[in-house]
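So the protein lines, in turn, are chains A, B, C and D.
Whatever position you read off the first sequence (first residue = 1), add 292 for this note's numbering.
Whatever position you read off the second sequence (first residue = 1), add 292 for this note's numbering.
Whatever position you read off the third sequence (first residue = 1), add 292 for this note's numbering.
Whatever position you read off the fourth sequence (first residue = 1), add 292 for this note's numbering.
Think of the hints as simulated: they come from the structure by calculation, not from any bench.
Possibly wrong hints are sitting among the right ones.
Pairs count within a copy or across copies, as identical chains cannot be separated in the list.
[Stated by the list, open to error] List time: in silico EDC-like cross-link candidates among lysine to aspartate or glutamate, alpha-carbon distance up to 16 Å:
id : residue 1 : residue 2
1  : 505       : 311
2  : 381       : 352
3  : 381       : 493
4  : 505       : 321
Since the model is a prediction, treat every value here as computed from it, not as a measurement.
Protein chains: 4
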Amino acid sequence: MKRIVYLLLFVVPVATAQEWPPELTEVWDPEPRMVTPGDGTAPPSDAIVLFDGTSLDAWESARDGSAAKWIVADGAMTVAPRTGDLRTKERFGDIQLHIEFRTPAEVSGEGQGRGNSGVFLQGRYEVQVLDSYGNRTYSNGQVASIYKQHLPMVNAARPPGAWQTYDIFYRAPVFAPDGEVVRKATVTVVHNGVLVQLDAEIQGGTTYTGLPKYEPHGDGPIELQDHGNPVSYRNVWVRRL
Amino acid sequence: MKRIVYLLLFVVPVATAQEWPPELTEVWDPEPRMVTPGDGTAPPSDAIVLFDGTSLDAWESARDGSAAKWIVADGAMTVAPRTGDLRTKERFGDIQLHIEFRTPAEVSGEGQGRGNSGVFLQGRYEVQVLDSYGNRTYSNGQVASIYKQHLPMVNAARPPGAWQTYDIFYRAPVFAPDGEVVRKATVTVVHNGVLVQLDAEIQGGTTYTGLPKYEPHGDGPIELQDHGNPVSYRNVWVRRL
Amino acid sequence: MKRIVYLLLFVVPVATAQEWPPELTEVWDPEPRMVTPGDGTAPPSDAIVLFDGTSLDAWESARDGSAAKWIVADGAMTVAPRTGDLRTKERFGDIQLHIEFRTPAEVSGEGQGRGNSGVFLQGRYEVQVLDSYGNRTYSNGQVASIYKQHLPMVNAARPPGAWQTYDIFYRAPVFAPDGEVVRKATVTVVHNGVLVQLDAEIQGGTTYTGLPKYEPHGDGPIELQDHGNPVSYRNVWVRRL
Amino acid sequence: MKRIVYLLLFVVPVATAQEWPPELTEVWDPEPRMVTPGDGTAPPSDAIVLFDGTSLDAWESARDGSAAKWIVADGAMTVAPRTGDLRTKERFGDIQLHIEFRTPAEVSGEGQGRGNSGVFLQGRYEVQVLDSYGNRTYSNGQVASIYKQHLPMVNAARPPGAWQTYDIFYRAPVFAPDGEVVRKATVTVVHNGVLVQLDAEIQGGTTYTGLPKYEPHGDGPIELQDHGNPVSYRNVWVRRL
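Same shape as in the complex, but just chain A (with noise of 0.2 Å):
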């Protein structure tokens, strides 16, 4: 508590509380690590490339952690119905991911059966991926939703068999020692250059069924989903955070 040091170096009164010295309010440390950006939606100097059209080597069976079965054509990644969802071999916690998507342009079935995939962050929390374009089915579980909890702001959708983008800010789940939730997941969902959730608190797994719970775990593979529909992906690349 030497403030007689200061009263002399501060002839200023106190009252005039806003001469304070920009200096002060300066943060020069850490400087910010460079990053190269990408020309449109190509990936950044430091995104991890997912798929960029022509391998499934980033990604595995998520039934077994077999080979990948999937079908690669036209540098895009095709669910082959029945053969499981993928799954990356890398486990990430949170993330900027970009994922682009496309839902069959040839329309079959109707609601949640129609065009239907989906993007599992850390394995377990679901953004929706469906044809939502004139496809009426709940609300949250159209495309965008946050599976069963939030739904889209609004419905960005593209026809069907159009490629449309997810830009996903992605901050996970962090728990106490004792499995605690400390922090719930949070969720920035941009559809196609629309903002579509903001900042959304995921409450637990998304379930078909009853209320989402929390399960402690760690970092978790990025899983996209075969719900028995031909949805395709391509462009796919994530940023740790």
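Knowing the structure of chain A, use the given hints to seat chains B, C and D on it.
For chains B, C and D alone, kept in the frame of chain A given last:
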């Protein structure tokens, strides 16, 4: 407390909590309205275009509401130094903002004196615009910082003279009738496609000296700063959330 | 940008950030107003006394606003079963509430049927009152639960017939003009001097069936439940925060 | 997605969403453990008594861990000026803390120099102890302030020489392995039965100069400050949350 009815309906034992019918967690209302997304960075169907390359009609001088005096040429609007900040005539609360900017190709000055401008949300909260390509300054004052509050996660700057993009998702602060801050403003910023601010909590007006403080306010304009450097803007559109 | 003045004043190099004058972080306004505390659980000087043992003047029937029909005797107010809930005539937002309750010394019934009543904040959010001394029920429905939303951290119940205390610190929800929940209600509950709810986030109205939902509302009464059991209350006071 | 089973069970139309069985929202596990509350301000059955009026066994010098040198007399422990702070030998995370204090009956000094001491949570976050009865100082430095961070809602001080109480409900900060603050510390303080801090978010270590900053840490002691004034303490107990 008409429990009897349910006991009859529910022969399923309570213990099997997983036996929730899936319909219980379906939400059908409201039905999100359709928005037609734009191609690439073009405005979606529900956007308000603030600058399409031809006219400053949506803008006025932030000094006195007089006509905007910046220069429109080659599809860009450029700071005419010393004419003062521009602000939108319209006022906004929660928004998605797309804006593109370019710092001068011809480098002059250094630190805060090089390619300095800024995007003020609600006229108060600055997302810094600066030429931060090989131009060190305090981290919480470089491009994509929330000025003197939050440094960007990374430096995704493009070189001087290149067009750059900001996609900004902003939730306005909420004040109680007595002026208390009920919810601070938050902002997510994507710079050239790279996430740089994720749900950053704004601590009050962004000021050059002293600590940020909130003053209660309602909707406010988007304001672009004249910091004496001929920074350009283009393709500016906003969506109300 | 009048930096020159400060550089003269600040011969101290910027690097020694610790050299902040202590006056900069002193806040003199406002000066908190004086409150004379009570002795023990007696009301402080700024409290509104809702029941001092003698009169139901502060209360009315929650059914229709008619005169309160509960029984006043021996310094307590006691549920007259089937006369309905009581509510305060006055309405409140954020409050500190002290209330004492007693479940019947003569035990009758079990589970939710034993010594059941409740304190409804703003007429909507129930802090459960129940005889939970050796009386198992669902955890999120026992004494000091936020009914069907938050179970208490511990069971600090006193035996039937003993007076018990609740000290409740409640922050009302805030709604945007369009009804959106800007800030959920939160509540801290101290039961018999033991912390049982710490800043629990209320998820909406506490309901017997279905999930809690928020309906926008303004200030509301404190309501005490007639659940058919002769539960008593005394020493009820509230402070507006 | 075995929807068929449920459709058979659920002849009830979906529209009647209110027809949830009440059992679905009952939570039976865990069963909160019993705690026997104390009478008045006496410790509950699960409290750790830190000072019962007779011994400093739970305390040590905060300088070097040597024996506590404060004075025990008349059921109180009193600062022996210039012997330094005391800290608990035990370390804590989230706690409920009851502590009683008394500033000298014989007033000497003014402002921060009068009856100054402090309760440091985890050895870092100070709930100010000061004689603030007719003794003006900066509001965020008076009794019951979170020192230089949060001024108390009201001034519930008792006169010099009177015993006063603090009931403190504290949630420790949580840090990620990389040191990031996942959740800031929060504190609720009841001063002489009057709420003065409600879920105040602590911004970092409470410091005399400069802005608060977090340094990652684990459990920490409760520390009582020797600020040169013979402030006394009694009836100190803590519960782990």
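Verification of the hints:
{"no.": "1", "hint": "505 x 311", "result": "between (51 Å within a copy, 15 Å between copies)"}
{"no.": "2", "hint": "381 x 352", "result": "within (6 Å within a copy, 52 Å between copies)"}
{"no.": "3", "hint": "381 x 493", "result": "neither (26 Å within a copy, 34 Å between copies)"}
{"no.": "4", "hint": "505 x 321", "result": "between (39 Å within a copy, 14 Å between copies)"}
Going through the hint list in order, the structure does not satisfy hint 3, though it satisfies all others.
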